[in-house]
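Here the UniProt record's numbering is used: the first residue of the sequence shown is 1, the next is one more, and so on.
None of these hints come from the bench; they were simulated from the model.
In this text, all values refer to a predicted model and were calculated from it rather than measured experimentally.
C-beta: ideal position from N, C-alpha, C; glycine also.
Treat the hints with caution; some may be incorrect.
What the hints assert, rightly or not - Cut-off 30 Å, straight-line C-alpha distance, at most; resulting in silico cross-link-like pairs (DSBU-like, lysine-lysine): (1) K51 - K29; (2) K132 - K118; (3) K51 - K25.
As the list claims (entries may be wrong) - Pair ranges (Cβ atoms, derived): (4) G78 - D42: 15 to 23 Å; (5) T133 - E28: 25 to 33 Å; (6) R107 - I73: 33 to 41 Å; (7) K51 - T119: 14 to 22 Å; (8) E28 - E50: 50 to 58 Å; (9) E77 - K51: 53 to 61 Å; (10) D106 - R64: 51 to 59 Å; (11) G33 - I70: 28 to 36 Å; (12) D42 - S81: 34 to 42 Å; (13) L30 - S81: 35 to 43 Å; (14) S82 - A43: 24 to 32 Å; (15) A24 - A47: 21 to 29 Å; (16) N22 - A43: 18 to 26 Å.
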Amino acid sequence: MRINHNIQALNAYRNLAVNQSNTAKNLEKLSSGLRINRAADDAAGLAISEKMRSQIRGLEVAERNALDAISLIQTAEGALSSVHSMLQRMRELVVQASNDTNTANDRAALDQEIQQLKTEITRVATSTDFNKTALLDGTFGTKVDQDSSKTTALSVTGVANITTGGGLKAGTYTISWDGADNVYNCS
C-alpha cells in the first residue's frame, strides 16, 4: 500500500485559506470604516468603544435638552420683557398722576390705563407657556446634563396683583416682588 501526499499543495491551500480570511476581515473593516466590528477583533477595545458611544449619545441628548431650555428661556424672556415695559409704563403713569396740575378726570384716566396694564400683566403671566408648560408660575425646572442628579432650576415668579397708590414724588424707584404676599412693591 502506498500513500500519496503533496505537502507543498497542502501548505499552499492552508496559506490561501488564511489569506482569504484576512482579506475578508480587512474588507469588512474598510467597508464599515470601523477598526473593531465584533468582540473577536478587540474585546477590550469594543467594551471601551461601546461605553464611549453610550456617553456620546447621552451628551447629544443633553445638548438637545440645553437647546430646548434656551428656547424656553427665550420665550420667558420675551414675556418678562413685555411685563417690564408695562411696569415701566405704570411707573410713568404713577409719577404723572402725582402732578398737582392733573384734575380728578385726568387721574381717573391714568388709573384706567394702569388697571388695563395690570390686567395685561396678569394675562401675560398666566398665558406664557412653552410646550403647554406654564413658565411664570415659579415651579419650572429642567435637566440638561446626562447625569440626572444635576438640575438647572429656572425659577420665574408669577404676577397676580399689582397695587399702585398715591402720588409718587420725583426720584429713583425700585420695583420689587414680594413672593409671600404676591405683590410688587415700588419704593
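Hint check results:
1. K51 - K29: holds (20 Å)
2. K132 - K118: Roughly 24 Å separates the two Cα atoms, so the pair holds.
3. K51 - K25: Between K51 and K25 the Cα gap is close to 24 Å, so the pair holds against 30 Å.
4. G78 - D42: 15 to 23 Å: Violated: the Cβ-Cβ distance is about 52 Å, outside 15 to 23 Å.
5. T133 - E28: 25 to 33 Å: Distance hint for T133, E28 is violated at roughly 48 Å.
6. R107 - I73: 33 to 41 Å: holds (39 Å)
7. K51 - T119: 14 to 22 Å: Hint violated: Cβ distance 56 Å, outside 14 to 22 Å.
8. E28 - E50: 50 to 58 Å: 18 Å Cβ-Cβ, so the 50 to 58 Å window is violated.
9. E77 - K51: 53 to 61 Å: Because 38 Å falls outside the window, the suggested range is violated.
10. D106 - R64: 51 to 59 Å: With a Cβ separation near 54 Å, D106 and R64 satisfy 51 to 59 Å, so the hint holds.
11. G33 - I70: 28 to 36 Å: Since the Cβ atoms of G33 and I70 sit about 33 Å apart, the hinted range of 28 to 36 Å holds.
12. D42 - S81: 34 to 42 Å: violated (56 Å)
13. L30 - S81: 35 to 43 Å: For L30 and S81 the Cβ distance comes to about 56 Å; the hint is violated.
14. S82 - A43: 24 to 32 Å: violated (60 Å)
15. A24 - A47: 21 to 29 Å: 24 Å Cβ-Cβ, so the 21 to 29 Å window holds.
16. N22 - A43: 18 to 26 Å: holds (19 Å)
The structure fails hints 4, 5, 7, 8, 9, 12, 13 and 14 (numbered hints given earlier, in ascending order).
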